[in-house]
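Residue numbers for the sequence shown follow my numbering, beginning at 38 and rising by one.
Incorrect hints may appear among the rest.
[What the hints assert, rightly or not] The list that follows gives simulated cross-link-like pairs (lysine to any residue, SDA-like), each with its CA atoms no further than 25 angstroms apart: (1) Lys50 x Val69; (2) Lys50 x Val149; (3) Lys194 x Glu109.
Hints were generated in silico from the structure; no laboratory data involved.
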Amino acid sequence: MSRQIVHVGRRIKVCVERLIDPSGNEVVRDIVLHPGAVAILPFIDDQTICLLHNHRSAIGSRLWEIPAGTLEPGEDPLEAAKRELEEETGHTGGTWTRLGEFIPSPGVMSEVIHLFVARDILPGVARPEPGEDLLPQPVPLSRALNWCLDGTIRDGKTLTALLLHERVARAGT
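Produce the entire structure from the sequences given, and follow the hints as far as they go.
The structure is reproduced here in structure tokens:
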């Protein structure tokens, strides 16, 4: 097996990996190396969450998303989640619970997204990074869950967090 880095970006690296499959054939794959990310399901109150109506240039439109961001080198996921929530929404404090983690695109990317739930958060002033076009909006949890089913929410991390949280809440664990 060999791996050659062909591009180094601000947050990712792209490499070409050559390996031999179980049949003895050489396989060439393009892989995105990603440092990982965090995503937060933030509860403003028991029945209301904060979603971002976020412009995503890669698809040329806005998506409804939970706050999220990339891990810095060596950064603890919980600390990164707290940082991202404050930057993107202004909310701080609260009670934090780990919801889980998932790999959004294992066929081409190494990214792992760590999911958290934040409750009892305090309002503040958002400090988005330059170039971020984020519109934080309070949304009733029931509406967000309906949006998961009707296609209004299309972002994978948001779908995963909302539906996983709903399943955990129904199970009472």
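Hints and how they fare:
Of the pairs offered as hints, the one joining Lys50 and Val69 holds, with about 6 angstroms between alpha carbons and a cut-off of 25 angstroms not exceeded. Our distance criterion of 25 angstroms between C-alpha atoms is met by Lys50 and Val149, whose separation comes to about 15 angstroms. For the proposed pair Lys194 and Glu109, the alpha carbon gap of about 19 angstroms is at most 25 angstroms, so the pair holds.
In this structure, none of the earlier numbered hints is contradicted; all agree with it.
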